[in-house]
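> Counting with my numbering, you get residues 1 to 106 for the letters of the sequence shown.
Calculated from the structure, these hints are not laboratory results. Just so we're clear, the structure is a prediction, and the values are computed from it rather than from any experiment. Glycine residues also receive a C-beta, built at the ideal position from the N, C-alpha and C atoms. Heads up, a few of these hints could be off.
Ranges of calculated distance between the beta carbons of each label pair, as one might list FRET restraints [what the hints assert, rightly or not]:
no., residue 1, residue 2, range
1, Arg30, Arg66, 31 to 37 Å
2, Glu46, Lys88, 33 to 39 Å
3, Glu46, Val70, 15 to 21 Å
4, Asn6, Lys88, 16 to 22 Å
5, Asn47, His96, 30 to 36 Å
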Amino acid sequence: MELIINPGDGVHLSDALREHVQHKLEPVQRKYGERLTRIEVHFKDENGAKGGRDVHCTLEAHPEGRQPLVAEAVAEDAYTAAHQAAGKLDRNLAHHFGKDDRVRRH
1 MELIINPGDG VHLSDALREH VQHKLEPVQR KYGERLTRIE VHFKDENGAK GGRDVHCTLE
61 AHPEGRQPLV AEAVAEDAYT AAHQAAGKLD RNLAHHFGKD DRVRRH
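Can you make the complete structure from the sequences, with help from the hints?
Printed below as a string of structure tokens:
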């Protein structure tokens, strides 16, 4: 599974941020990595240096042969936004694949 991180406007992709994102997505990769082709991470800072709760993190998980699943979060910094979005993505994938697994058993 491939991990693509796009820093977007106003967000600097430092080594620390890259490692943070990878660490937060490790549980997702362990649970669902064989079912996903890639995860794309998109950051965007709406207000730049003005500050505020304006850093968007969008995660797109691409299941094999299916439409992507998306999770988003907005926070004061990229680290918090990534943390929140990763949790949402994990829950979305659990729901999505859990539903698939239930349908296949019947």
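> Which numbered conditions among the earlier hints are violated in the structure presented, ordered from lowest to highest?
Numbers 1, 2 - these are the hints that the structure violates, sorted from lowest upward.
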